[in-house]
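Undergrad: Protein chains in written order, with the numbering used here: chain A, 38 to 123; chain B, 38 to 123.
Source of the hints: derived by calculation from the structure; they are not laboratory data.
We put the CB at the ideal spot given by N, CA and C, even for glycine.
One should not assume that every hint holds.
[Claimed, not checked] In silico negatives: residues of chain B with every beta carbon more than 10 Å from chain A: (1) LYS67; (2) GLU68; (3) LEU82; (4) LEU113; (5) SER114; (6) ILE117.
[To be verified] Heads up, simulated BS3-like pairs for lysine-lysine below, C-alpha to C-alpha not over 30 Å straight-line: (7) B:LYS121 - B:LYS67; (8) A:LYS119 - A:LYS67; (9) A:LYS64 - B:LYS69; (10) B:LYS121 - A:LYS64; (11) A:LYS67 - B:LYS64; (12) B:LYS121 - A:LYS121; (13) B:LYS64 - B:LYS121; (14) B:LYS121 - A:LYS119.
There are 2 protein chains.
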Amino acid sequence: MINPIYEVIGLSAAFLTTSAFIPQVYKIYKEKNADGISLLMYIILFIGVILWLIYGILISSLSIVIANGITALLQLSIIIFKLKNS
Amino acid sequence: MINPIYEVIGLSAAFLTTSAFIPQVYKIYKEKNADGISLLMYIILFIGVILWLIYGILISSLSIVIANGITALLQLSIIIFKLKNS
């Protein structure tokens, strides 16, 4: 287990970098338009985030697992939206 | 120290999620235009990435330090460009 004080820093980091991503998801759903989004870029990002998730589980880092778990779900919702609407 | 095999997974993750960010930086420099970029969002992301960097140093994770070190530099270059050109 990682020192809980370190996890407070990690979870703060997770909150900031993950929540910065939410307006993009909101914009796509509101406008029902994902034309400005590169599907390939999102698929590459998604694979990267899944690898981060595996890494976080391997090193028992709660911050990495939470941050990348939420990000993976957000990215998957964008990829599915993009595939359905193009 | 984290198991080197785990770091291979972490560094692969770092490579994928960091390189996905490069086309954005290239586009801004090529077009000399960052109008589509939210300064506030980049500042929030930058603070988050700096916290990830501190977290990575605290838990001795090479993958987190490398990924967030490079990302911080890329984001800082976008923030400076945006401040200079607006």
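Undergrad: For each hint, tell me whether it holds in the structure or not.
TA: Outcome of the hint check:
1. The beta carbon of B:LYS67 sits about 16 Å from the closest Cβ of chain A, which is more than 10 Å, so the claim that it is off the interface holds.
2. Listed as a non-interface residue, B:GLU68 keeps its Cβ farther than 10 Å from every Cβ of chain A; the least gap is roughly 15 Å.
3. The Cβ of B:LEU82 does not lie farther than 10 Å from every Cβ of chain A; its closest approach is about 5 Å, which violates its non-interface assignment.
4. Taking the minimum C-beta to C-beta distance to chain A, about 15 Å, the non-interface status of B:LEU113 holds against the 10 Å cut.
5. Residue-level check passed: B:SER114 sits 17 Å from the nearest beta carbon of chain A, beyond 10 Å.
6. A cut-off of 10 Å between C-beta atoms confirms that B:ILE117 is not in contact with chain A; the least separation is 18 Å.
7. Note on B:LYS121 and B:LYS67: the hinted pairing holds, with a Cα-Cα distance of about 16 Å set against a maximum of 30 Å.
8. Straight-line distance between C-alpha atoms of A:LYS119 and A:LYS67 comes to about 14 Å, which keeps the hinted pair within the 30 Å bound.
9. Proposed proximity of A:LYS64 and B:LYS69 is supported: the alpha carbons are some 25 Å apart, at most 30 Å.
10. About 27 Å separates the Cα atoms of B:LYS121 and A:LYS64, which keeps this hinted pair within 30 Å; it holds.
11. Straight-line distance between C-alpha atoms of A:LYS67 and B:LYS64 comes to about 26 Å, which keeps the hinted pair within the 30 Å bound.
12. Taken as a hint, the B:LYS121 and A:LYS121 pair is broken in the structure, with Cα atoms around 40 Å apart against an allowance of 30 Å.
13. This hinted pair checks out: B:LYS64 and B:LYS121 have alpha carbons roughly 17 Å apart, not beyond 30 Å.
14. At most 30 Å may separate the alpha-carbon atoms for a hinted pair to count; B:LYS121 and A:LYS119 exceed this at roughly 35 Å.
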